[in-house]
Amino acid sequence: DGGITQSPKYLFRKEGQNVTLSCEQNLNHDAMYWYRQDPGQGLRLIYYSQIVNDFQKGDIAEGYSVSREKKESFPLTVTSAQKNPTAFYLCASNEDRANTGELFFGEGSRLTVL
Amino acid sequence: GDSVTQMEGPVTLSEEAFLTINCTYTATGYPSLFWYVQYPGEGLQLLLKATKADDKGSNKGFEATYRKETTSFHLEKGSVQVSDSAVYFCALLQSGGYQKVTFGTGTKLQVIP
Chain A
1 DGGITQSPKY LFRKEGQNVT LSCEQNLNHD AMYWYRQDPG QGLRLIYYSQ
51 IVNDFQKGDI AEGYSVSREK KESFPLTVTS AQKNPTAFYL CASNEDRANT
101 GELFFGEGSR LTVL
Chain B
1001 GDSVTQMEGP VTLSEEAFLT INCTYTATGY PSLFWYVQYP GEGLQLLLKA
1051 TKADDKGSNK GFEATYRKET TSFHLEKGSV QVSDSAVYFC ALLQSGGYQK
1101 VTFGTGTKLQ VIP
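Chain order of the listed sequences is A and B. Be aware that the first sequence starts at 1, since it is given in the working numbering, and climbs by one per residue. Be aware that the second sequence starts at 1001, since it is given in the working numbering, and climbs by one per residue.
Calculated directly from the structure, the hints in this document are not laboratory data. Some clues are possibly wrong.
[To be verified] In silico DSSO-like pairs for lysine-lysine, Cα to Cα no more than 27 Å straight-line:
hint : chain 1 : residue 1 : chain 2 : residue 2
1    : B       : LYS1108   : B       : LYS1060
2    : B       : LYS1100   : A       : LYS57
3    : A       : LYS70     : B       : LYS1100
4    : A       : LYS71     : B       : LYS1100
5    : B       : LYS1052   : B       : LYS1068
6    : B       : LYS1056   : B       : LYS1077
7    : A       : LYS57     : A       : LYS83
8    : A       : LYS9      : B       : LYS1100
9    : A       : LYS83     : A       : LYS14
10   : B       : LYS1100   : B       : LYS1052
11   : A       : LYS57     : A       : LYS70
12   : A       : LYS9      : B       : LYS1108
13   : A       : LYS83     : B       : LYS1100
14   : B       : LYS1068   : B       : LYS1056
15   : B       : LYS1077   : B       : LYS1060
16   : A       : LYS9      : A       : LYS83
17   : A       : LYS71     : A       : LYS57
18   : B       : LYS1108   : B       : LYS1077
[What the hints assert, rightly or not] Which residues of chain B face chain A? A few of them, derived with a C-beta cut under 7 Å, are:
hint : residue
19   : GLY1043
20   : LEU1044
21   : VAL1101
22   : THR1105
Quantities reported herein were computed from a predicted structural model and do not represent experimental measurements. Idealized CB from N, CA, C, for every residue including glycine.
Chain A extracted, bound-state conformation (with noise of 0.2 Å):
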């Protein structure tokens, strides 16, 4: 079956340990984004890239970093410089390099900072 798939689904991080959150898809689609999901605020755009080797800043992407090596692969680094990183992270792509609004989910990571 096609889908996105995220690993790890839970993460616990000592305060100034940078971790990688994995995300690979099979669905051949070219756009892949990153977004934070806090209590009562929505979901947050943090990276996405719409094309192999290249990607944009989203709206909150202060703290991380992402690679687009592989068209199925955008793995999401949270550095130590990242101030609030408890929460839940979802992974998402799009067919089309242009976004139709279409987005394709995983079932996301929660990263816990002890």
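Put chain B on the given structure of chain A with help from the hints.
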């Protein structure tokens, strides 16, 4: 900038009750509008969409009509089930430029037997 406002939850209904979740938007141009649903512990799924004024999106018994005159896209269902318990997000896709999806804050629906 563009924004989406949803009614605050949680909304608690008995099974077979009528559901309305209000959504209004602010946008330049002519955005496309969406409803997404998130079941507990999962990512979001597209529920329905409408791309122009007066369009009605529908899926799984849910409906929403794109009302440009009131800048609204309210979600309705005639008879909810326990399995409809989830968080519902209204969203818009900007027109022009890079087309970013802007989400509302979500409305939690709980349906009790």
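Now for the hints, and whether the structure bears them out:
Under the criterion of a C-alpha separation no larger than 27 Å, the hint pairing LYS1108 (chain B) with LYS1060 (chain B) is consistent with the structure, at around 18 Å. Taking the CA atoms of LYS1100 (chain B) and LYS57 (chain A), the gap is near 12 Å; set against the 27 Å cutoff, the hint holds. With a C-alpha separation of about 22 Å, the suggested pairing of LYS70 (chain A) with LYS1100 (chain B) holds against the 27 Å cut-off. Among the hinted pairs, LYS71 (chain A) with LYS1100 (chain B) is consistent with the structure: their alpha-carbon atoms are about 20 Å apart, no more than 27 Å.
A hinted pair counts as satisfied when its Cα atoms are at most 27 Å apart, and LYS1052 (chain B) with LYS1068 (chain B) qualifies at roughly 8 Å. For a cut-off of 27 Å, the pair hint linking LYS1056 (chain B) to LYS1077 (chain B) stands: about 13 Å separates their Cα positions. Of the supplied pair hints, the one linking LYS57 (chain A) and LYS83 (chain A) holds, its CA atoms being roughly 17 Å apart against a limit of 27 Å. For the suggested pair LYS9 (chain A) and LYS1100 (chain B), the alpha carbons sit about 26 Å apart, so the restraint of at most 27 Å is met.
A threshold of 27 Å between alpha carbons decides the hint, and for LYS83 (chain A) with LYS14 (chain A) the separation of about 12 Å falls inside it, so the pair holds. Straight-line distance between C-alpha atoms of LYS1100 (chain B) and LYS1052 (chain B) comes to about 17 Å, which keeps the hinted pair within the 27 Å bound. Restraint check for LYS57 (chain A) and LYS70 (chain A): satisfied, since their Cα atoms lie roughly 18 Å apart, inside the 27 Å limit. Taken as a hint, the LYS9 (chain A) and LYS1108 (chain B) pair is honoured in the structure, with Cα atoms around 22 Å apart against an allowance of 27 Å.
Between LYS83 (chain A) and LYS1100 (chain B) the CA atoms are separated by roughly 25 Å; this keeps the pair inside 27 Å, and the hint holds. Taken as a hint, the LYS1068 (chain B) and LYS1056 (chain B) pair is honoured in the structure, with Cα atoms around 12 Å apart against an allowance of 27 Å. The straight-line distance between the Cα atoms of LYS1077 (chain B) and LYS1060 (chain B) is roughly 9 Å, inside the 27 Å bound, and the hint therefore holds. A C-alpha spacing of about 21 Å is found between LYS9 (chain A) and LYS83 (chain A), which places the hinted pair at or below 27 Å, so the restraint holds.
Taken as a hint, the LYS71 (chain A) and LYS57 (chain A) pair is honoured in the structure, with Cα atoms around 18 Å apart against an allowance of 27 Å. Only pairs whose Cα atoms come within 27 Å are accepted, and LYS1108 (chain B) paired with LYS1077 (chain B) is accepted, the gap being roughly 15 Å. Evaluation of the GLY1043 (chain B) hint against chain A yields a held restraint, the C-beta minimum of about 3 Å falling below 7 Å. This hint holds: LEU1044 (chain B) has a C-beta 5 Å from the nearest C-beta of chain A, less than the 7 Å allowed.
Hint on VAL1101 (chain B) holds. Least Cβ distance to chain A is approximately 5 Å, under the 7 Å limit. The restraint placing THR1105 (chain B) at the interface with chain A holds, with a minimum CB-CB distance near 4 Å, inside the 7 Å limit.
When held up to the earlier numbered hints, the structure conflicts with none and fits them all.
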